[in-house]
Amino acid sequence: MKYDHKSIEKKWQKKWEEAGVFHAEENSDKEKFYALIEFPYPSGQGLHVGHPRPYTALDTVARKRRLQGYNVLYPIGWDAFGLPTENYAIKNHIHPEIVTKRNIAHFKEQIQSLGISFDWSREINTTDPDYYKWTQWIFLKLFKKGLAYKKEMAVNWCTSCKCVLANEEVVNGVCERCGSEVVRKVKSQWMLKITEYADRLIDDLELVDYPERVKAQQKNWIGRSTGAEVDFKTSAGDKLTVYTTRPDTLFGATYMVISPEHPYIEKWSAILSNMDEIRAYQKEAARKSDFERTEVAKDKTGVKLSGVTAINPVNGSEIPIFISDYVLVSYGTGAIMAVPAHDTRDWEFAKKFDLPIIEVVKGGDVQKEAFTDCATGIMVNSGILDGLSVENAKAKIIDWLVENGVGRQKVNYKLRDWVFSRQRYWGEPIPIVHCDKCGYVPLDESELPLRLPMVESYEPTENGESPLANITDWVETTCPHCGGKAHRETDTMPQWAGSSWYYLRYMDPHNDSALASKEALEYWSPVDWYNGGMEHTTLHLLYSRFWHKFLYDIGVVPTKEPYAKRTSHGMILGENGEKMSKSRGNVVNPDDIVNEYGADTMRLYEMFIGDFEKAAPWSPSSIRGCRRFLERYFSLQDILTDDENYSPKLESAFHKTIKKVSNDIENIKFNTAIAALMALINDVGAAGKITKKELATFTILLNPFAPHITEEIWSICSLGEGMVAQQTWPEYDESKCREESVEIAVQVNGKIKARINVPADSDKDTLLSLAKSDERIAPLLEGKNILKEICVPGKLVNIVAK
RNA sequence: GCCGGUGUGGUGGAAUAGGCAGACACAAGGGACUUAAAAUCCCUCGGACGAAUAAUCCGUACCGGUUCAAGUCCGGUCACCGGCACCA
Numbered sequence: 005m006k007y008d009h010k011s012i013e014k015k016w017q018k019k020w021e022e023a024g025v026f027h028a029e030e031n032s033d034k035e036k037f038y039a040l041i042e043f044p045y046p047s048g049q050g051l052h053v054g055h056p057r058p059y060t061a062l063d064t065v066a067r068k069r070r071l072q073g074y075n076v077l078y079p080i081g082w083d084a085f086g087l088p089t090e091n092y093a094i095k096n097h098i099h100p101e102i103v104t105k106r107n108i109a110h111f112k113e114q115i116q117s118l119g120i121s122f123d124w125s126r127e128i129n130t131t132d133p134d135y136y137k138w139t140q141w142i143f144l145k146l147f148k149k150g151l152a153y154k155k156e157m158a159v160n161w162c163t164s165c166k167c168v169l170a171n172e173e174v175v176n177g178v179c180e181r182c183g184s185e186v187v188r189k190v191k192s193q194w195m196l197k198i199t200e201y202a203d204r205l206i207d208d209l210e211l212v213d214y215p216e217r218v219k220a221q222q223k224n225w226i227g228r229s230t231g232a233e234v235d236f237k238t239s240a241g242d243k244l245t246v247y248t249t250r251p252d253t254l255f256g257a258t259y260m261v262i263s264p265e266h267p268y269i270e271k272w273s274a275i276l277s278n279m280d281e282i283r284a285y286q287k288e289a290a291r292k293s294d295f296e297r298t299e300v301a302k303d304k305t306g307v308k309l310s311g312v313t314a315i316n317p318v319n320g321s322e323i324p325i326f327i328s329d330y331v332l333v334s335y336g337t338g339a340i341m342a343v344p345a346h347d348t349r350d351w352e353f354a355k356k357f358d359l360p361i362i363e364v365v366k367g368g369d370v371q372k373e374a375f376t377d378c379a380t381g382i383m384v385n386s387g388i389l390d391g392l393s394v395e396n397a398k399a400k401i402i403d404w405l406v407e408n409g410v411g412r413q414k415v416n417y418k419l420r421d422w423v424f425s426r427q428r429y430w431g432e433p434i435p436i437v438h439c440d441k442c443g444y445v446p447l448d449e450s451e452l453p454l455r456l457p458m459v460e461s462y463e464p465t466e467n468g469e470s471p472l473a474n475i476t477d478w479v480e481t482t483c484p485h486c487g488g489k490a491h492r493e494t495d496t497m498p499q500w501a502g503s504s505w506y507y508l509r510y511m512d513p514h515n516d517s518a519l520a521s522k523e524a525l526e527y528w529s530p531v532d533w534y535n536g537g538m539e540h541t542t543l544h545l546l547y548s549r550f551w552h553k554f555l556y557d558i559g560v561v562p563t564k565e566p567y568a569k570r571t572s573h574g575m576i577l578g579e580n581g582e583k584m585s586k587s588r589g590n591v592v593n594p595d596d597i598v599n600e601y602g603a604d605t606m607r608l609y610e611m612f613i614g615d616f617e618k619a620a621p622w623s624p625s626s627i628r629g630c631r632r633f634l635e636r637y638f639s640l641q642d643i644l645t646d647d648e649n650y651s652p653k654l655e656s657a658f659h660k661t662i663k664k665v666s667n668d669i670e671n672i673k674f675n676t677a678i679a680a681l682m683a684l685i686n687d688v689g690a691a692g693k694i695t696k697k698e699l700a701t702f703t704i705l706l707n708p709f710a711p712h713i714t715e716e717i718w719s720i721c722s723l724g725e726g727m728v729a730q731q732t733w734p735e736y737d738e739s740k741c742r743e744e745s746v747e748i749a750v751q752v753n754g755k756i757k758a759r760i761n762v763p764a765d766s767d768k769d770t771l772l773s774l775a776k777s778d779e780r781i782a783p784l785l786e787g788k789n790i791l792k793e794i795c796v797p798g799k800l801v802n803i804v805a806k
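Residues 5 to 806 in our numbering are what the first sequence lists, from first letter to last.
Be aware that a few hints might be false.
To be verified - In the PhoX-like style, the derived pairs of lysine-lysine whose C-alpha atoms are separated by at most 20 Å in a straight line are: (1) Lys755 to Lys740; (2) Lys660 to Lys799; (3) Lys755 to Lys697; (4) Lys553 to Lys522; (5) Lys418 to Lys155; (6) Lys776 to Lys149; (7) Lys653 to Lys697; (8) Lys105 to Lys155; (9) Lys36 to Lys522; (10) Lys166 to Lys197; (11) Lys166 to Lys191; (12) Lys400 to Lys366; (13) Lys755 to Lys776; (14) Lys223 to Lys776; (15) Lys292 to Lys304; (16) Lys569 to Lys145; (17) Lys755 to Lys36; (18) Lys400 to Lys418; (19) Lys489 to Lys223; (20) Lys697 to Lys6; (21) Lys154 to Lys189; (22) Lys149 to Lys223; (23) Lys489 to Lys441; (24) Lys696 to Lys740; (25) Lys660 to Lys618.
What the hints assert, rightly or not - Beta-carbon label-pair distances, calculated as ranges: (26) Pro797 to Ser587: 25 to 31 Å; (27) Glu635 to Ser587: 25 to 31 Å; (28) Leu785 to Glu635: 47 to 53 Å; (29) Lys693 to Glu779: 33 to 39 Å; (30) Asn408 to Lys366: 21 to 27 Å.
In case anyone wonders, no lab produced these hints; they're calculated from the structure.
No experiment lies behind these values; they were computed from the predicted model shown.
Even glycine gets a Cβ: it sits at the ideal position worked out from N, Cα and C.
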């Protein structure tokens, strides 16, 4: 019989749906397992072959867990707010809601053709008012706890999207999405205090099972550093506070630098004699975009403040103050003490402005370059610190600063608060009104959802206002607090809002009185296994951990962390090894593969393509190997016998394969699990027949990878009651994994000289005597002294002789 | 510069915890079947030497070390990939 993937796949997809076999059970006594993939953004381009890789991987795990008797939740939905849809809508004069519906329909059809065991009864959509009602609800909670606030500040402004970006969305000074220039613009923005959670976002990484590279990247992004603040008295009669991670080098501070935006410049303007020069420098610094500022990073510029100096608290020496744009206003106190001997940037600045360089840590030549090694140096020229190690000097100077009231220990972070407003239409409206009398007032929770108004035009405005600002009868409203005239917030939330909590909604997607019921949250939390891309490590993953921790604090969710385990898939590259993209013309559409080879071949190939965590180039010819394997499997029905047992010859091979496939799936080694099945089918082919028992076991093992064809074989060969999806995952017997006889290598002086077959349970003495008496080994040992005999049962024997 | 990762045949990649390097595939070459092609089946397939599926030697980026034994552990070097980057 010919393997006709088209009719088989359609047939079984229909049967699964009718039987509802992939629906997570409500009120189940079974142990739960919650598998999650990052829900897709339904773009107009549809799926490419990269999408199914993580879906198939966790589908394999989910299907295996069901066979192992778990109550499995494996849901999907749509992260559908966002700019591409909005831009497409503007260009083609179709409302984004309609575009979204159409894109979702297309995505859904494509995904369903792959036979992924998603529970479609729990499908969610972030643009659905019943969904974003709860996104808005969380925002109100954040606002009421003081974690959402509006602030006038310089923000990243994408000149093409005409929209504010979060720091995380600016890559190399350009917009992460469109690649256009990003400039600084002062605007009033909604902010979320993610910085308040910085410590917990780092420390709680201890509680979760994430890949090391993900943890490292998150820590790096949060950028915690421990140092000290030091107060310097100034000749203006006030004090200037700096942050430093090297308080041990305080004796080496020979000047100070404050950022061009530092507020003290205004404060001192009356006593500064070179204000014109200073203002010119400030203007120049402000004009530069972030990109230019990093571009010119090597060449230090600055202006000395004439008229104000500072006093080093530790030795009373008077030192000059400069402004320079290498000091950032947004980090630390916006001011530094410069120790050119032991900081590369300070050293460059000092050389350029001919400032003194005083060595305080011995170990380098500070006239040639800054000596920054903390591990080996010994303190010199440092009064009370002389002779100490850097580490001890740090502790001692902080004590001294505290005793004298001129400093304190201080922790700083690179992480900044999350810029949360966007000046676009296709996002969740922020449920706040502004009243002249009462200020920013939250809507009552009963008013939610605050729906997006239906409008004709949603083009971004030139003046940087949200398109919603033009809809007067929506904007004008009454104050929920005093009843007077007020207007609505017209900015919308960023795309990251809806995806920051979606995994909670899947637990109870149709609940209209809470984001999910307490019982559902208790039962399903946390997500047991979350797979996603590395590109979301500092965006989505960090944001959603932050929201989750907030929800934990207000008693909504029962766990500190949302995701117990995280894995990351590698990208699928084009045939040429480059990233798949329309412009490179190397995009492969999964529809074509499903059509030509079938979903099972497609799934199998995506899992076999290589190490799941690494990028892998698409290879059209390798797909055929997977198709051949399935055809060979399909034709096993021709050599089927009625025997209900394993045949003696293959029994241990089957037990070993059960073990290997079981373990490999858990360890995301899908490629070797499939290789083991291929090897086993080769053994079966050599045997020339397969028993019922063997085919049943093989079918269940293969089912998570190739669900359709295995159901077909199960059915036409009458291997058991019901569907494969309702069977039990096979067990292996450790004692049966061993063969009766094994081939071991015999080495003489570490070189392999022979391979011998021995009974598997041979003890060391037997092995050694068998080895020594082997006709190829004996002559080599003749007349020699045996110095050492090493014996690894089942593996090898090594005889060291001289 | 800092953090994380990777380096194995023509290709994708295997190798539990230091124990037979190259599993499983792809591609290539040869053969069978066929009028022919496709498909399928069989054989070969890291390199050198060789008639050889004989023996020997070399071989997991490079240099060195530990060990009876190193792709794997240790020290150093190089290359590539990802993230951060004037963060004091």
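Next on the checklist: With the threshold set at 20 Å, check whether the alpha-carbon distance from Lys292 to Lys304 stays at or below it.
Outcome noted: With a Cα-Cα distance of about 14 Å, the restraint between Lys292 and Lys304 holds, given a limit of 20 Å.
Checklist entry - Regarding Glu635 and Ser587, is the given constraint of 25 to 31 Å on their beta-carbon distance met? => result violated (37 Å)
Checklist entry - Taken at face value, is the distance from the CA of Lys149 to the CA of Lys776 at most 20 Å? => result Cα-Cα ~79 Å, so violated.
Checklist entry - Would the pair Lys223 and Lys776 pass a check requiring their Cα atoms to be no farther apart than 20 Å? => result Since the Cα atoms of Lys223 and Lys776 sit roughly 57 Å apart, the hinted pair is violated (cutoff 20 Å).
Item to check | Proposed proximity, Lys366 with Lys400 (alpha carbon, max 20 Å) | outcome: This hinted pair holds, its Cα atoms lying about 18 Å apart.
Checklist entry - Quick one, are Lys489 and Lys441 close enough, alpha carbons at most 20 Å? => result holds (9 Å)
Item to check | Outcome for the supplied range 21 to 27 Å, where the beta carbon pair is Asn408 and Lys366 | outcome: holds (26 Å)
Next on the checklist: Tell me if the straight-line CA distance from Lys660 to Lys618 falls inside 20 Å.
Outcome noted: Given pair Lys660, Lys618 is violated - Cα atoms ~27 Å apart, limit 20 Å.
Checklist entry - Does the Cβ pair Leu785, Glu635 satisfy 47 to 53 Å? => result Distance hint for Leu785, Glu635 holds at roughly 51 Å.
Checklist entry - Taking 20 Å as the top limit, are the C-alpha atoms of Lys755 and Lys776 close enough? => result With a Cα-Cα distance of about 15 Å, the restraint between Lys755 and Lys776 holds, given a limit of 20 Å.
Next on the checklist: For Lys755 and Lys740, compute the direct alpha-carbon distance and say whether it is at most 20 Å.
Outcome noted: violated (32 Å)
Item to check | 20 Å Cα cutoff - pair Lys154, Lys189 | outcome: Holds, at roughly 15 Å.
Hint compliance for this structure: hints 1, 3, 6, 8, 10, 14, 16, 17, 18, 19, 20, 22, 25, 26, 27 are broken, all remaining hints hold.
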